[in-house]
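Residue numbers (numbering that gives the first Met the number 0), protein chains in the order written: chain A, 0 to 413; chain B, 0 to 284.
Keep in mind the hints are simulated off the structure, nothing from the lab. Since the model is a prediction, treat every value here as computed from it, not as a measurement. One or more hints might be untrue.
Simulated pairs of lysine-lysine, BS3-like, Cα-Cα distance not exceeding 30 Å [said to hold, decoys possible]:
1) B:K77 <-> B:K47
2) A:K115 <-> B:K155
3) B:K77 <-> A:K379
Stretch by stretch, here's where chain A covers chain B in the computed footprint (C-beta under 8 Å, at least three residues) [said to hold, decoys possible]:
4) 23-33
5) 49-63
Computed, partial: chain A to chain B, Cβ under 10 Å [unchecked claim]:
6) L116
7) L117
8) I310
9) E311
10) A314
11) S330
12) P349
13) A386
14) M387
For glycine and all other residues, C-beta sits at the position ideal for the given N, C-alpha and C.
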Amino acid sequence: MSHGPAQDKPQVIYLDNNATTRVAPEVLEEMLPFLSEYYGNPSSMHSFGGKVGGKINQARERVAAALGCDPREVVFTSCGTESDNTALHSAVSARPDKRHIVTTRVEHPAVLNYVKLLEQQGYSVTWLPVDKHGRLDLEHVREAIRADTAVVSVMWANNESGTVFPVREIGAMCREKGVPFHTDAVQAVGKIPVNLKEFPCDYLALSGHKIHAPKGVGALYVRKGMLFKPFMIGGHQERGRRGGTENAASIIGLGKAMELAAAGIQDENTRVKALRDRLEKGLMGAIPEALINGDPVNRLPNTLSIAFMYIEGEAMLLLLDQFGICASSGSACTSGSLEPSHVLRAMGVPFTYAHGSLRFSLSRYTTEAEIDTVVRELPKIVARLRAMSPFSADSETEGQHKAVAACAVERSTE
Amino acid sequence: MWEYTDKVKEHFLNPRNVGKLDDANAVGEVGSLACGDALKLYLKIDDKGVIRDAKFQTFGCASAIASSSVLTELVKGKTVEEARALTNKDIAGFLGGLPKEKMHCSVMGQEALEAALKNYWGEKYVAPTGEGELICHCFGVTDEQIRRAIRENDLKTAEEVTQFTKAGGGCGECILDIERLLMEVRGEQAPAEGVAPVAEEKKPKRLTNIQRMQLVSKVIDEEIRPSLKKDGGDIELIDIDGLNVVVSLRGACVGCPSAQLTLKQLVERRLRETVEPDIVIQEAQ
Numbered sequence: 000m001s002h003g004p005a006q007d008k009p010q011v012i013y014l015d016n017n018a019t020t021r022v023a024p025e026v027l028e029e030m031l032p033f034l035s036e037y038y039g040n041p042s043s044m045h046s047f048g049g050k051v052g053g054k055i056n057q058a059r060e061r062v063a064a065a066l067g068c069d070p071r072e073v074v075f076t077s078c079g080t081e082s083d084n085t086a087l088h089s090a091v092s093a094r095p096d097k098r099h100i101v102t103t104r105v106e107h108p109a110v111l112n113y114v115k116l117l118e119q120q121g122y123s124v125t126w127l128p129v130d131k132h133g134r135l136d137l138e139h140v141r142e143a144i145r146a147d148t149a150v151v152s153v154m155w156a157n158n159e160s161g162t163v164f165p166v167r168e169i170g171a172m173c174r175e176k177g178v179p180f181h182t183d184a185v186q187a188v189g190k191i192p193v194n195l196k197e198f199p200c201d202y203l204a205l206s207g208h209k210i211h212a213p214k215g216v217g218a219l220y221v222r223k224g225m226l227f228k229p230f231m232i233g234g235h236q237e238r239g240r241r242g243g244t245e246n247a248a249s250i251i252g253l254g255k256a257m258e259l260a261a262a263g264i265q266d267e268n269t270r271v272k273a274l275r276d277r278l279e280k281g282l283m284g285a286i287p288e289a290l291i292n293g294d295p296v297n298r299l300p301n302t303l304s305i306a307f308m309y310i311e312g313e314a315m316l317l318l319l320d321q322f323g324i325c326a327s328s329g330s331a332c333t334s335g336s337l338e339p340s341h342v343l344r345a346m347g348v349p350f351t352y353a354h355g356s357l358r359f360s361l362s363r364y365t366t367e368a369e370i371d372t373v374v375r376e377l378p379k380i381v382a383r384l385r386a387m388s389p390f391s392a393d394s395e396t397e398g399q400h401k402a403v404a405a406c407a408v409e410r411s412t413e
Numbered sequence: 000m001w002e003y004t005d006k007v008k009e010h011f012l013n014p015r016n017v018g019k020l021d022d023a024n025a026v027g028e029v030g031s032l033a034c035g036d037a038l039k040l041y042l043k044i045d046d047k048g049v050i051r052d053a054k055f056q057t058f059g060c061a062s063a064i065a066s067s068s069v070l071t072e073l074v075k076g077k078t079v080e081e082a083r084a085l086t087n088k089d090i091a092g093f094l095g096g097l098p099k100e101k102m103h104c105s106v107m108g109q110e111a112l113e114a115a116l117k118n119y120w121g122e123k124y125v126a127p128t129g130e131g132e133l134i135c136h137c138f139g140v141t142d143e144q145i146r147r148a149i150r151e152n153d154l155k156t157a158e159e160v161t162q163f164t165k166a167g168g169g170c171g172e173c174i175l176d177i178e179r180l181l182m183e184v185r186g187e188q189a190p191a192e193g194v195a196p197v198a199e200e201k202k203p204k205r206l207t208n209i210q211r212m213q214l215v216s217k218v219i220d221e222e223i224r225p226s227l228k229k230d231g232g233d234i235e236l237i238d239i240d241g242l243n244v245v246v247s248l249r250g251a252c253v254g255c256p257s258a259q260l261t262l263k264q265l266v267e268r269r270l271r272e273t274v275e276p277d278i279v280i281q282e283a284q
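Same shape as in the complex, but just chain A (with noise of 0.2 Å):
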């Protein structure tokens, strides 16, 4: 499917959809309504509001059945960020004996930021370490679970580098120590199978705009039995669990588009992840010293992470965006922070490679003619920028800055 369809607007090949993807026009057609004529609230007691609180029971029960949970497991929020501040909140304020806590170093700043104001607040942190794939070692997290943990918060798939990571054994140790697990997963929802049925966790968060759902829509399970703090205090919605008036349309559009992400796993792990491969090969196939971040084998099928050697991210960002090509990078100058994404550092990908690093992530509207165009315009961006580069390689100082690079190599596996 071709997106821009408009002549007065440029052709856009949309590679960033684990930033975020278009409300699918399924979804938008469900809204709609609700956005306008039923404009009822869905607490009020008249048939007006209730046409629009029925509504609501009927994505309740769409989210749940796309998870395999309970609908009365499922809680309406206003984003993933939302979803996890909650899990977190809620673990902690549950059990204020226990002050420890478990997590990566490679998570979403939604946990990431929240552990590091817990840590601020006295709680004791283990931050676990990733390897150069992005991968957990399953070791280190049972070595970290203490009798005073509150919490083990690990991120189902890892939304720069893809890396999936083991949360069902996570979970499974979590339950044996009768400590709390949380994951988020907001980006393996719809890309990765997501059965809750007799899959042992306590707390998922997921994001409507991260499956083709409108922005500022989410949701928490939360598993039946569960001590549970609110972290929005106001009336009785949401059984009490979170306060403030539904964003009616919005949840209908997420209950559809779980729906249709449900539906769409199987084009996702087949057609969108060969896409994706062609991609990768493609490009790997063309440009010399260029690597793949992420797990080989247990990655995002949606997702490519490629860095390559001597040139600068957001210069390669931007002469993409004149052929319409949206993507993003880890590298320090699209963030304004100095330094590269903490995922490819937690990596311990070489500074070389960090600051020159791309993710494209796919979605089930990316088409073939689209990742040809990438294939086809990409190396000749990266051939002008390296020849521009001083550390190009028919620099007269290449061996210096060969040596460079293999000591930013030695050094981030220190």
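Assemble the complex: chain A is given as a structure, and chain B must be docked to it using the hints.
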């Protein structure tokens, strides 16, 4: 996405003077792969000390590439002495400004130019990190580099120092040192207990009107005018009203696209250095 000016975009997409200059007699190289940006500047300077050609190689973001490109444009045709007066503000100014987080790209240009000119004079090139006490270990920034950035760019916070020098942008352990340097340079009193008190900088004595007039006239006649005359230009002192110095450009300086730069970066800067730090230059209407 960063908000870049059209000029930054233009110089990034169509950089001028890219590549090596085989017959360069001045080469300056700053930055590193680990730091995320690097610039190698090549200059060809003739026997009269005029920069006849300039080229660059840059590893870095759009701002770094645009800053390098505009630097080569700025130095071409200038004498070595004129080039020495160029600052990171000139580079950023010619680009119509840079996002504050990217100001270090313009500083990298200034440092590469200094390194190249040192190389031209036959001085052994010493990387900026080799001068002074190392403050930021992540990015190899010294106290001298930080002091200079504070003075030349009127920096007031540690965050601004990071934006201009990268110091403090890594692990952040040097932030307290940066704040100490800020207090020293800006002559502020240390507010917190446990921080060593810093000797207050001796403030220059305020000049009388007559002293100021005499000194301004002297510097213009003896330093600024001869410099402008070398390029066929001239300057006339019109009036002095307190700290406001009103001048008029003459000769080749009239209508020159760099007239405002000349007024601010040559005339005003020199008068601030030699007469009083608060002097403001105004062009006669």
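Each hint, compared with the structure:
1. B:K77 <-> B:K47: holds, 11 Å
2. A:K115 <-> B:K155: Distance ~28 Å between K115 of chain A and K155 of chain B Cα, so the pair holds.
3. B:K77 <-> A:K379: Violated, at roughly 35 Å.
4. 23-33: Check passed, 4 qualifying residues.
5. 49-63: holds (count 8)
6. L116: It is violated, given that the least Cβ distance between L116 of chain A and chain B is near 17 Å, above 10 Å.
7. L117: Where the cut-off is 10 Å and the nearest Cβ of chain B is about 20 Å from L117 of chain A, the hint is violated.
8. I310: holds, 7 Å
9. E311: holds, 5 Å
10. A314: holds, 6 Å
11. S330: Because about 7 Å separates S330 of chain A from the closest Cβ in chain B, which is inside the 10 Å limit, the hint holds.
12. P349: holds, 9 Å
13. A386: holds, 8 Å
14. M387: Check passed: Cβ of M387 of chain A comes within 5 Å of chain B, closer than 10 Å.
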